[in-house]
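Peer 1: Chains as they are written, first to last, in this note's numbering: chain A, 1 to 212; chain B, 213 to 440.
Don't take every hint at face value.
What the hints assert, rightly or not - Incomplete in silico selection of chain A near chain B, CB under 10 Å: (1) F91; (2) D95; (3) L155.
None of these hints come from the bench; they were simulated from the model. We put the CB at the ideal spot given by N, CA and C, even for glycine.
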Amino acid sequence: MIHPGIVPLVPATLRFDQIRRRFGRLAVLEGVSGAVSAGEALLVTGRNGSGKSTLLRCLAGLLVPDAGTIEYQEDGGTPLEIGERRRRVGFVSPDLAFYGELTVAENLAFFARLRRAELTRGLDLLDRVGLPPDRRAGALSSGMRQRLRWAWALLHRPRLLLLDEPFQNLDAAGERVTRELLAEHLAGGLAVIANPSSLEIDRVAGRLDLGR
Amino acid sequence: MWPAASTWAAEATAVFVKEWRCELRTRYALSTLALFAFTTLVVVSVSLGPLGVARSQGSAVLPVLLWVILLFSVAAGLPRTFVQEEESQTATALRLSATPSALFCGKLAYGLTVIAALEALITPVYLAMMSLPVRSPGLLAVALAAAGYGLAAGSTLVAAIIAQARSKGTLFAVLAFPVLLPLLLLAVEITRDAVGGDPAGVALTQLILYDACVTTAGLMLFPAVWNP
C-alpha cells in the first residue's frame, strides 16, 4: 500500500488570516481566514465564482494575496517562504495540465526529477490510480487526466494537499481510489479541499463557506 | 532502482531533455525555424546572389543578411518555448515543481542547441549560395557560437516575459529587438572581420561580455518574471 503522507515528527499546520484578492475591480476574496492541522481537512465550499480556486491558488503560492497572511510550517519552526511552500504542496486543480506529447510515465518521471522524488514512485502511483504508464497524456480522457493529477500531486509525498474539485470527472472506481489516497494522506498530512458543494470526507475539522 | 534527482544541474538537465523530447515528437519549432530560414535564404540568394551584389560590397553587406536571417528565424520559432507552457496550461505544474533558475537554464540550453543546429545548417549553405569566401573560418565559428549563445539567452528571457501577455508576437518583437540589437551589431562586425581575414578586435570581447550580462540578467530577472 502506498502511504502518500509521511508521519511527521512535528505536526504541520496551515493558517491563513484575512486573505484578500481582487482581479482588477472584482474583489474575489474579502478577508478569508482559516486554519488546518495535520490529520485534518478543511472543506471550502461556495458557488461558482465565490473564490474557492483563488483561495487555493493563494495557499499554493501561485497567487500573492493583496492582503492577509499565509503561514504554513512543517517542522514547528519558521513558516515556509512562498517559493518553498510552492514546491512543497501537492495540488490538484481542473486547469492543471501535463505534456500531451509525453506518456503519463514520462510526465511523472520528469516532475519527479524536478521535485527530487524517487523515480519509481511515479510508476507506483500510476499503478495505484489505474493509469497505463505508456499512454500519451494527450490521449487521456477527462477522468484519466484527473487520476494523473492525483498521481502528480502525491509524487513528492507532500504534507499539505490542496484539492480543487478533487473528484471531478472521476468514475466510481476512480473516486474510490482517490478517496483512499486522501484518507491515507490525512493519516499524517493535512488538506484543504475546495468543492462547489459539501463532500462526505472523514477528518473534516472545519468548513469554510465562501458564500455568494 | 533509479536514483532520485538531487541536484540543480539534474533539474536543468531534466528540463532540457523534456524540451527536446517534446520537440522531436512534434517538430514544431524545428519546422518553423527551418522553413523560415530556408525561405529567407532562397529569397536573399535569388535576389542578391553572387551576381546581385558587387564584389566590393559583398563582404560588407552579406554578413548583415546572414544575421538578419538567423535573427528572424529565431524570432519565428524560439518564443514558443514559454508561450507553449502557458497556452497548454503546463506552466502551473512547472511553477509548483521547478527551481526557476534551473528551469531558465534548461530552456536556455534547449534554445542554444536549436540555434546551434540552425547555424550549422544555414551558414554553410548561405556562404555557398552567396559565394562568400571566409578567410578566418575559426573566427566565424567563434562569432556564431558567441552570438548564438546571446541570441538564446536574450530570446529565452524575453519569451518568458511575453508568455503571459496577450499580444505575444508583437510584444516579442518590441522587447527582443532592442535587447538583441547590440549583439547583432557586434556579430556582424566580427563576421565581417572573419570574411576579410582581419583580427577580431574589441568586438569579440564586447560580445562575450554581452553574453555574460544577458545571462546574469536572465538568472536575476527570471524568478520575478516567472512567479507571482
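Peer 1: A separate judgement is required for each hint: does it hold in the structure or not?
Peer 2: Going through the hints against the structure:
1. F91: holds, 6 Å
2. D95: It holds, given that the least Cβ distance between D95 (chain A) and chain B is near 6 Å, below 10 Å.
3. L155: Holds, about 9 Å.
In this structure, every one of the numbered hints holds.
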